[in-house]
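For the record, the sequence lines run as chains H and E.
Just so we're aligned: the first sequence equals residues 5 to 281 in the working numbering.
Just so we're aligned: the second sequence equals residues 696 to 1016 in the working numbering.
If you're looking for bench data, these hints aren't it; they were derived computationally from the structure.
Honestly, I wouldn't trust all of these hints.
[Claimed, not checked] To give an idea of the chain E side of the interface with chain H (calculated C-beta under 8 Å), a few residues:
(1) T873
(2) A878
(3) G883
Don't be surprised by glycine CBs; every beta carbon is placed ideally from N, CA and C.
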Amino acid sequence: MMIEQLLDQEQESIVDVEKLSVTFGSQEVLKDITLRIPPGQTLALLGESGCGKTVLMKSIIGLVKPTVGTIEFDGENINQLTERQLSRMRLRYGFIFQNAALFDSMTIGQNVAFPLRQHGRFSDNQIREMVLSRLSEVGLPDSVVFKKPAELSGGMRKRVGLARALIMNPELIMYDEPTTGLDPIMSDVINELILRTRSRNPVTSIVVTHDMHTARKVADRVVMLIPRQRLDPGENQVIFDGSVKELESCRDRRVQQFVNGEAGERLMEMRANGHDQ
Amino acid sequence: MLLKVYQCFVDDRDMYPWGAPQYRRARRLCPNFMSIVAPNNSKPRIAARITGWFTEWVSDWGELVISSCIALGDFCLFILSTFRWMFSRFPKGETLWPNFYQVGVSSLPVVALTGTFIGVVLALQSSSQLGHYGLTNQLGGVINLTLVRELGPVLAATMLAGRVGSAMAAELGTMRVTEQIDALSAMGADPIHYLVVPRFLACLLFIPTLTIMADFMGVAGGYFYSNIWLNIDQHYYWTNSAKFVNNFDLFTGILKSLFFGSAISLISCYQGFNCKPGAEGVGKAATSSFVFAFIVILILDLSLGLSLKALYESWYPGGTY
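So here's chain H without its partners, still in its complex pose:
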């Protein structure tokens, strides 16, 4: 036991979530989550809607304050940082929002250049080159630079979001449902981009998704959460933690239902509730 603990500490982790609980008043979204992510890993965070995946990710970046527990990024507790230190810390993160969250008042070029202008001391020429190279990396032509986000399709917007998140060469990239709302081909393009990003520079990635294709394709490790309301007493919210292969062969009924996309006893619940009313 002692040796295991020592070994655990030996293996350094870039993100260290320790006994995290997030409560909005009486509604407990996350409870007692412990998660260590070693550098270079691509972690897929699975779970049905409303189980707290996005809240977990937003608390790792400091957008949601934990009620209990600590979050360390590269050995620093991010909840003890001042606003200014936190904003400097956030340069090392890249966050891809579910709907890209591009600034509509700016052009695509200005959007991608935003982090550079905000923090870096780069000349206009350098900025232009970096923006164009990032856009071509995600497969977008130079002509989009002067367009507004509203003129692009959903898939293009997501790719611009990816380019914007990558421009500061972050150490940790977080994808919030990168393939939701896209057609299967565009979903695969995004999956490829996630893989390519990782092969190009050694980043750690967290992919929040409920798309099994994405999980199978990109993840080294899968963590599955279930909503607090569905837990048996005394059970941890993380019901699965392992590789994709282990996920496929996992015996847990709930995991299997998620992997195979079956409603299972949920249909019965709906019927029962219908009768109650």
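Starting from the structure of chain H, add chain E where the hints point.
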């Protein structure tokens, strides 16, 4: 102590992040609703029903008080952090200029138009009143004093609240709903520094110019109407104006406008930042920003009027304000 009480409220609010009242009311109303739809299932006695309604009424009022206290506390913290950012790091030009243009330049025509019409209408209405007493020559004093002291600043502020304030609330609200504000913080830019401070500065710096514009156009409109339509001699008109209106009146108007401008920008930005999700939320943020801004303008107008009167009387004892 006060902070503790405030914290209590905040804890209560966090319980239902997207609006406590609806959530609670829905849960409370649901059984009632069911008993109306299916009365045979359960028939509460009349006394029980009345006490039920009464407790509901009391708790509704309680909710209202609590939520307004929370909102007020939140708003104060919002103002504090705006000021902290404004003095710690000045915003960049690229965020300032578009806002300056929106507030200072684009609002100019509409403010000028309002000012002109108000000047003419004032002349029209007060001429017949003064005519009864044979004081038509004093018309200039009445019109210009009213304009410079009251109507100029208040109308310029109202137009600004309607034109710029609700646009700010809607814009920031949409940014909140589409996670753009989160994206700003995720990229290490503070949303208050990046979005609120430039808007605040724009309103603060440009509302005096808008007020002066409204005053000027009002004075001009009133003069032309009196001189051309009512045939009041321009000598009397201007002499009386100069007798009634002094520098202190102009100062009063501009000082008031500074308060109005900061109230408009802070209220609108706050409403936008705390926008509820969806198109409905954005619409509500825009509406309530105008309503609150207008109410606050009126309250500020009254309280500043009273305190400036006291100030004038202490500066110039014996003078009539």
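Hint check results:
1. T873: Status holds, d = 6 Å.
2. A878: Holds: closest Cβ of chain H sits about 4 Å from A878/E, inside 8 Å.
3. G883: holds (4 Å)
No hint from the list above goes unmet by this structure.
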